[in-house]
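**Q** Listed below are the residues making up each chain.
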Amino acid sequence: MSPPLLEARGISKAFRGAQALSGVDLTLREGEIHALMGENGAGKSTLIKVLTGVHPPDAGTIQWEGRPIQPRTPHEAEGHGISTVYQEVNLVPNLSIADNLLLGRQPTRLGLIRGGEVRRRASASLTRLGLDLDVRAPLGSCSLAVQQMVAIARALDIQARLLILDEPTSSLDEREVATLFSLLGRLKEKGLAILFVTHFLDQVYALADRITVLRNGARVGDYPVAELPRLRLIEAMLGREFHPVSPATDAPRSDSPTPPEAFTPLLEARGLGRSGGMNPVDLSIHPGEILGLSGLLGSGRTETARMLFGVDRPDQGSLRINGAEQEIRSPREGLRLGLAYCAEDRKAEGIIPNLSVRENLILAVQAGRGPLRLMGRAEQETLADHYIRALNIRTASRETPIRNLSGGNQQKVLLARWLALQPKLILLDEPTRGIDVGAKAEIERLVASLRGAGTAVLFISSDLEEMVRNCQRVAVLKDRRKIGELAGADITPSGIMRLIAHHEG
Amino acid sequence: PAARAAARTKPLTVGFAQVGAESAWRTAETESIKGEASKRGITLKFSDAQGKQENQIKAVRGFIAQGVDAIILAPVVETGWEPVLRDAKRARIPVVLVDRGIKVSDDSLFATLIASDFIAEGRMAAEWLSRKLNGKGNIVELQGTPGAAPAIDRKKGFEAGIASAPGLKIIASQSGDFRRATGKEVMEALLKKHGTEIQAVYAHNDDMAIGAIQAIEESGRKPGSEVVVVSIDGVRGAFESMVAGKLNCTVECNPLLGPLAYDAVEKAVAGEKLPRKTVVPDRVYEQSTARASIGSRQY
Amino acid sequence: MKDDPTLPRQPRLRAWFPGGSLLWPLAGLGALLLFNLVFATGFFRLELRDGHVYGTLVDILNQGSKAMLLSIGMTLVIASGGVDLSVGSLMAISGAVAATAVAKGTVPFGAAVGAALAAGGFAGLCNGFLVAVVRIQPIVATLILMVAGRGIAMLLTDGQIVTFEHPAFVFLGNGHLAGLPFTLFLVLLSLGATALVMRRTAAGLFLESVGDNERAAALCGISGTRVKLWVYAFSGLCAALAGLVATSNVKAADSSRVGEMMELDAIFAVVVGGTSLTGGRFTLLGSLIGAILIQTLTTTLYNLGLEPAIAPVPKAIVVVGVCLLQSSRFRGELSGWLRSRRAAA
Amino acid sequence: MASLKEGRRVKLRHSRSLPLLATTGVLAILYTSASLLYPGFFTVRVFLNLLGDNAFLGITAIGMTFVILSGGIDLSVGAVVAFTGTLIASLLTRGTPPGWAMLLALAIGSTFGGAMGFLIHRYELPPFLVTLGGMFFARGMSFVVSKESVGITHPLYQQASDFGLPVAGGASLPLTGILFLGVVALGVTVAHGTRFGRNLYALGGNEASARLMGLPVGGVKIAAYALNGFCSALAGIVATLYMGSGNPAMGFGLELDAIASVVIGGTLLTGGAGSPAGTLVGVLIFGTLQTALVFDGRLNSWWLRIAVGLLLLLFILLQRVLSRPAGARHP
Ligand SMILES: Nc1ncnc2c1ncn2[C@@H]1O[C@H](COP(=O)(O)OP(=O)(O)OP(=O)(O)O)[C@@H](O)[C@H]1O
Ligand SMILES: Nc1ncnc2c1ncn2[C@@H]1O[C@H](COP(=O)(O)OP(=O)(O)OP(=O)(O)O)[C@@H](O)[C@H]1O
Ligand SMILES: [Mg+2]
Ligand SMILES: [Mg+2]
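Just so you know, the protein sequences line up as chains P, C, G and U, in that order. Under this note's numbering, the first residue of the first sequence is numbered 1, with each subsequent residue one higher. Under this note's numbering, the first residue of the second sequence is numbered 1, with each subsequent residue one higher. Under this note's numbering, the first residue of the third sequence is numbered 1, with each subsequent residue one higher. Under this note's numbering, the first residue of the fourth sequence is numbered 1, with each subsequent residue one higher.
Note that these hints are calculated values from the structure, not bench results. Small disclaimer: the values here were computed from a predicted structure and weren't measured. It is possible that some hints are incorrect.
Unchecked claim - Derived list of chain U stretches under chain G, where covered just means 3 residues or more per stretch with a C-beta under 8 Å from a C-beta of chain G:
1. 145-158
2. 256-262
3. 281-292
4. 302-316
Claimed, not checked - Among the chain C residues that face chain G by a calculated CB cut under 7 Å, a handful are:
5. Ala-24
6. Pro-146
7. Lys-192
8. Gly-220
9. Lys-222
10. Gly-224
11. Glu-226
Every residue gets a Cβ at the ideal spot worked out from N, C-alpha and C, and that includes glycine.
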């Protein structure tokens, strides 16, 4: 057998606090389409970025055709023949389509770009992808799908030996996906190696030859597609035994009964939606109830939570809180109505990195009181100390800047921030993402105790077992649409997955 | 000249490129030139360069393009006028310089210069001071903007003036930029450094002197008696200070150049040959004469 | 980028240079004072004259008062993640308003000061509107008033230098209280009041949250828009006060020159004082020390007899040096270099 | 679905030439009103003067356009113009041949700009602060070179500054104007016709993307500042031609005029959109206002600053309105 085209061994990468990759191996061969699978945050994009010189690895080696390489920039990787489309559509919206396609490698004569030639070549590459566009139009004015196609066309434009596509299909429609796949098939025939990431299982089985699965930054395995049926793949990704035929092995779910329907729900949404964001959904949550929101990546869970809290304003449907019609136009209004939202992106929307644990913790309570009535120092400290003890937050002191805490402890401080408000409804978006097992358990205990105190909880998690353990009801989303609801004993990982797998969007 | 002006069918149009409005002296000059123009029925195009030579050059070129009959220029610095003045000459527009000279290789580039003799002013200040201090004492000099002709010449004249009195010593000389605020700050620093050694202050203009007087007062000494202050320009503020006994002497540098300037303009337009330089006579005012003349001061 | 996890960490130097520490500005000030102790005779001499404390140190505080006043407002603006370039021009506007009002003689002094402060506050509010509501970058939004403001001031004074002898107005910038310059009390009062409002209400907390992470603050119900409006208006108010002091100092409103380049001194004071230009945590005391440091530098240069025109050179070197020290990458390279030096020795 | 139609329709709505059109419209309106108000304004000579008188401002503004396109800003340009002008003038008085003096000035200007770019890129310092330091440094250094304006008497210089390209009606385009137009032409070519130019737009548009697209981001950024330094030095040379002297106090506040011209010319201060051609129009607007003020001869010159401030506001608001719908949400 010929040596592999690319062979990565023992790749590790840590970001401040978080181990994104630990000792990952990856082998890619010529003429092979290789799928990289794994849950959200499993480390797929990070692996790709390490391979292509965006991030320097902390440890590990990369062999290219048997020789070690260490690309330091994407530019250098391209020099070796590795062409990449990163997950974030990484183009420049203010330049034309043609410019974007050929940026940095435009044909020139005497140092001057040959405009006609650029446009001709750009049109030609787009035609190969079945696109007929005015290549002079600014890219920013095109739909996300077109932008993604242009990014792919750009990657295909160079004579690459390895093509890496990180979620290339997330915003393409079926016909575009079909065009792309037939093109990828032709490239494979020509001997190109292709690594691609997608969350659509059908696409993996339609296209890939081999699958590498990552979980929590580690490699689970490397399998030929034929040897890995869908459910085994999902098991590998989620990291648990998963037997669809015997629900008995599903984790036992909490057996507390759902509050009687007779009570007025705390929150009731009817056809709440946002054009361009979320299709209309119906939801209701009762006091003392934990409603789970389940779905795959990009199914619209975060979008729903943001809409309920007023971060993104819904433009259709109605919302009732405690039976009274309400319109929530901003987080301030949401807070006033007794809602609290613990955002998914801890760094961008959660912590105030340079402020102390204490300040981060009291911020929402203080904001509710307005700027003039500052909580007394003693009151602040009591509150902070209370939650530091109650949630077992590990910090040097309550005055430590929160950025110095580990991710899990940061998350607990944020939870404490919202709990201190004593909200009637708390929206928890991936509260356990990226934190260790112990902290996870503590947070789950906390959620359960909230419920006991009569607080309503909207719980979002990608960890299905966690959903099963914690929720009385689970609304399942797919493609930004609610496709069903499970309650009581029906809530099992397989139940949720079956709903997603068999629902025809 | 009045008769000739009346004989013209069209009133004269004159462009005046002023430096800016950085001091009371400057605004007095502007007012004089503006006032005299309306008195004589001359259309005046006025441009304030905000202290920038490049703006002045642009203004002069604008005047040339506009086809004015003559240009009055108060140059902000001495060098850098040749190209634009050659333009004016080609367009046959006479240029009358006011209040300071310029360095050019070709003297025919301007019609005449109407200005005080800065060197003489410096010398007069020195002579007065020498008499006042009986030829002995330590002097602090507050210079004008570095590179400006009045600053250079007033320094030169003053140094020449005290040369005859070996007892007079300039113990410090720094730029106060012709500004009150800077004059005050620099004086404060010098007072700290030299303390009671300072017997006299010579400022290149009244504004700096007024700033320095404030600094001296704040240091607890009495300007006008313990520290002799002499300056140049003779603006109203200086007279007020003299009346108050804080400033000892100011050498007038007359900014009321309007009448002289338009006389020169009218002659130049008529093709008359003008002297290279018209020196505006300056005189010394001291405390004893200040009260009598303050009422008649126009600026 | 301040939180880029890919940057290497330098524990050793970092321990010496925590963000917001007063150590570096104080060290710089100390070095300057030491220099003067050795090379400038009489720099530290203080004496009582006419019941006024008199000496170079008092001068530094007195002359630095304008930069200090500006830096109070600038600190808050920078803490909000912005910057205010217009303060120098606003100084000119406030001086022009007050001086023309006082020179007319018909307007009571309180009203003149009130009008000047109101003008500054309103102009600041305009800046705040452009930044917070229209969402224009702060540098650009405040550039507009920086360019136009001085023109407005010139129009107010009709291009003249307006002089006045109003005793109360003159006292503002020249008077003494308990033997010390009144401006000193003005600065301490403004600083004290600001610090009190910032630390005794939640305003400081809200401001730091907005500057550090506006999106997170918004989810807590803190309106970044409102915070920024206030902060720019306040900066305009501080600029107006500084303009009054500068105008009173020389008993004349010189619209074309007053406050010229002062915005830079104020920004430098804040940055040197340890408040990061990226926003968030701020230290008013640090800015005060920064302003004193810059004024001490200026006075030292006067003392050395250096031309005012050349003075910017050492200033530039100090400022870029301090900025470099705040870059973690530079600190990393520096400590690496120091280590290799030590290893070689 | 993406189609030919989509590309076309969108192009009309978000046409990138819209800001340029708006700017040109404003220039036309200003020029026409001035011509109607002031006799003698509508002449070839006045127009050519506009180019010649604003040449050093224009050349600085073109350099500034590159920096702003890259997403940065440079406050040091006015001081660099003064420094190089003074340096050349004092070198000439010491007998250095003009060619060498100019080459040295250009080299110093480019190096100085490049050094600031290096600090900005490598240590991730705010451009605003670094170039502010640069401004202080260069201004102080020009006074170190000479405390006063230095006259240039070199015969070659006299010929050069008197040279004019005859155009029409006895009016001629001075050498400074020719240089300005040359720099504009070069600037437009570099911005739109070279890889470097396109990379610059990409960098200003989205730096992270530019990096992921494999563009040499650091090199482009440093080169933009170096190019700007080069333009400032060239503007310094033009200033010596214009005035026949080197003045250490000149160009005070020039950076603001340059930035204002760039913005009025339709270049986005956030970077990534605009063009040197727009900057030419912006400079002409600036010059027209100033010339009209001289022609009027009654208005306080400070109206110019207010007018520029208002124009800035107008164009920034215009840019906001234009760029808002184009900014599709990116995840
Ligand atoms: N620049 C960064 N700084 C800090 N942490 C990062 C950075 N990039 C990634 N991470 C962290 O590394 C982990 C792996 O992220 P990565 O983007 O590789 O996941 P992924 O498998 O691509 O997920 P997805 O399916 O959502 O794209 C995550 O916890 C993420 O938060
Ligand atoms: N307006 C928009 N334009 C383009 N893309 C969008 C927009 N809104 C959301 N998206 C993208 O669509 C997907 C749906 O987002 P959402 O965050 O609601 O999903 P989710 O189910 O919460 O997934 P997860 O939290 O696992 O990422 C995301 O990938 C997001 O990046
Ligand atoms: Mg990813
Ligand atoms: Mg989500």
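**Q** Are there hints from earlier that the structure breaks, and if so, what are their numbers?
**A** 1, 3, 9, 10 and 11
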